[in-house]
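Asker: Line order of the protein sequences matches chains A and B. With the working numbering applied, the first sequence covers 1 to 222. With the working numbering applied, the second sequence covers 223 to 339.
Simulated from the structure, these hints should not be mistaken for lab results. None of these values were measured; they are calculated from a predicted model. Take these hints with a grain of salt, some might be off.
What the hints assert, rightly or not - Taking lysine-lysine and the BS3-like style, the derived pairs with C-alpha atoms no more than 27 angstroms apart in a straight line are:
id : chain 1 : residue 1 : chain 2 : residue 2
1  : A       : 219       : A       : 49
2  : B       : 253       : B       : 275
3  : B       : 324       : B       : 278
4  : B       : 278       : B       : 243
5  : A       : 189       : B       : 324
6  : A       : 150       : B       : 324
As the list claims (entries may be wrong) - Some but not every residue of chain A turned toward chain B, in silico, with C-beta under 10 angstroms:
id : residue
7  : 145
8  : 148
9  : 182
All residues carry an ideal CB built from backbone N, CA and C; glycine is no exception.
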Amino acid sequence: MAEIILSQDALASNNRAASHNRQLFEQYGVLVINVMSSPGAGKTTLLEKTIEALGDRYRIGVIQGDLATQIDADRVRARGASAAQINTHGVCHLEAAMVNKVLPQLDLEALDLLFIENVGNLVCPSGYDLGEHHRITVLSVPEGNDKILKYPVMYLRTELVLLNKIDVLPYFDFDVEQAIEDLRTINPKSRLIPLSVKEETNLDEWYQWIDEVYARWPKAVG
Amino acid sequence: MSHEVALMGDMLNIVAEDMQKHGLSKVEKLKLRVGTLSHSVPDALEMAFEIHKAMKAPILTEDSALEIEVEEARAQCVICGHEYVPDHRVALCPNCGVPGGKLIAGDAIRIVSYEGV
Ligand SMILES: Nc1nc2c(ncn2[C@@H]2O[C@H](COP(=O)(O)OP(=O)(O)OP(=O)(O)O)[C@@H](O)[C@H]2O)c(=O)[nH]1
Ligand SMILES: [Mg+2]
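Pulled out of the complex, with its shape left as it was, chain B reads as follows (with noise of 0.2 angstroms):
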C-alpha cells in the first residue's frame, strides 16, 4: 500500500512542475491510465490520492478529483502474430497453444493529463 502513497506522490510532483509552467497551482482533475498488468490497482492508488488529500499535499482541494482509465493488457503472439487480452499466463497464445506472447500494451501507469487553476 504505501508503495502507492509514494507512486501518487511522485505523480503529483510532476504535476506539479508542470502546472508551475502554466501558471496554475491547484488540480481539478487529474486523469491516469492504469494497465491491469502494471504494479497498481485502481483501488490502492484513489485511497493514495485520499491520503495525500488528507495530508494537504499543495497542489490538492477537497474537491480534486481522481480519475482512473482501466487500460486492459494485450498481448501479441511472436509465433503466429494472433492479438490476445492474456490471463495469468501472460505469454500463453489462446490460438497457437504456445508461450510466444508478448505484451504490447497494460503493464504501465502513466499520467495522461490534468485540469487545473
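Chain A on its own, in the form it takes in the complex (with noise of 0.2 angstroms):
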C-alpha cells in the first residue's frame, strides 16, 4: 500500500475551534484571558480578588475548567461575575471546542473581561488554544524556583507569569531574581509580576496590567 501524506498538524481541528470562539469573543466585545498554573496555585483565589476589585470597571466572566466538580464556580459566582463550568471528566487540559459548548451560558454581549481558569496542569493546556487573546500563568511560591525551566513549553505561551504566595518566601529558598532571569532566558517578551493574593500585595500591578491590555485592544474602542 502506498503512503498517503497528510501533513497536517495534530491540533488543526482544535485551532479551527478556536479561531471561531476568538470570532465571537471579538464580535461581543469580549477580552478573553487564559489563566493557568499548576493545581493549587491560586487562580480561583485571584479571580474573586479581581472580581471585587474590577467589578465596577468591568462585566466579567469566568469559564471554569475543572475535572470533576463545581466547586470553583460557585466560589467566583459567590463574588457576583457570571460563570459557567466545565467538568473535563479527567482530561487534563480545556479544549476549543469545550469551551465552545458552554457559551451559550454566559451573556456574551453582557462582558467586557472573560477569563477562563484552565486545569491546574503545567503541561498540558500549553498546547491548546481556546481563542484567548492572552494567557498567563500562576506560578507559586511553594512550588520552587526550578519550576519556570522544567517546563519550558508552557512559559514559551505564556506573556504574563503572575508569581504568587510571596506572602510565604520566608519560608522556601524561593529566589524571585532567579526566576525572572530564568523567564527571560526562555521568554524575554514575558513579564513576571510578584504577588500575594491572600495578602493583598502587589494586586495592582496586575489590575493595571489588565487595564493596559484592555485598552490597547482594538475592540475596547466604541
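Both chains are sitting in their own frames, so use the hints and assemble them into the complex.
Answerer: Written out as C-alpha cells, the structure reads:
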C-alpha cells in the first residue's frame, strides 16, 4: 500500500475551533484571558479578588475548567461574576470545543472580560488555543524556582507570569530574581509580577496589566 | 497522560476522514513528527496508540504500527542570526549570550503520513 501524505498539525481541529471562539469573542467585544497553573497555585482565589476589585470597571465572566467539581464556579459566582463550568471528566486540559459548548451559558453581550481558568496542570494546557487573547500563568512560591526551567513549553507560550504567595517567601528558598532571569532566557517578551493574593500585596500591578491590555485592545473602543 | 489519549483520538479522526476519501478502512502504519518542545513526548503517544488499539478504534488493528520521528527544536537569534539547538533556556543564544532566540522548529506535533488498506 502506498504511503499517503497528510502533513497536518495534530491540533488542527482544536485550532479551527479556537479561531471560531475568537471570532465570537471579537464580535461581542469580550477580551478573553486564559489562566493556567499547576494545581492549587491560586487561580480561583486570584479571580475572586479580581472580580471584587474590578467589578465596577468591567463586566466579568469566568469559565471554570475542572476535572469533576462545581466548587470553583460557585466561588466566583459568589463574588458576582457570571460563571460557566466545564467538567473535563478527567481530561487534564481545556480544549476550544469544550469552551464553545458552554458559551451559551454566558451572555457574551453583557461581558467585557472573560477569564478562563484552565485545569491545574503545567504540561497539557499549553498546546491548546482556546480562542483567548492573552495567556497568563500563575506560579506559586511553594512550587519552587525550578518550575520555569522544568516546564519551558508552558512558559514559552505565556506572556505574563504571576508569582503568587510571596507572603510565604520567608519559609521557602525561592529566589525571585533568579525566576525573573530564568523566565527571560525562555521567553524574553514575558513579564513576571510577584504578588500575594491572600495578603493583597502588589495586586495593583496585575490590575494595571489588565487595564493596559484592555485599553490596547482595538475592540474595546466604541 | 489522558492528554495524549485525547490527542491521539483527534489524530485518528483526521486519518479516518482522509481514509474514507481513499476508500481505505485500516491503518497499517501511521507516521508522526513530534517536536522536542511540543507538549507531548513520544513514549506517551506510543502508549496512547496502544490504548486506542485496546479500545478497538475502528481504523486500528492488532498490527497497526506507529512510527514517530523526533524533530529536534531549533531556534534562531533575532540579534545575530545564529541558528542553534536550544536547551531549556530556549531563547538564550549561545553565540551572543543574550535571550534573542526565536523557535523556528520543534514546537509542533504533525501527522506526516499513513499507509492503509
Ligand atoms: N499563603 C498563601 N496562600 C494562598 C495565596 N493565594 C491562594 N492561596 C491558597 O492556596 C490554596 C489554593 O488556592 P486556589 O485559588 O483554590 O488555587 P487554584 O489554582 O484555583 O487551584 P485548582 O483550581 O485546584 O488548581 C488555597 O488554600 C488558597 O487560600 C497567597 O497569596 N498566599
Ligand atoms: Mg481553582
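Asker: Among the hints numbered above, which are violated by the structure, and what are their numbers in rising order?
Answerer: 3 and 7
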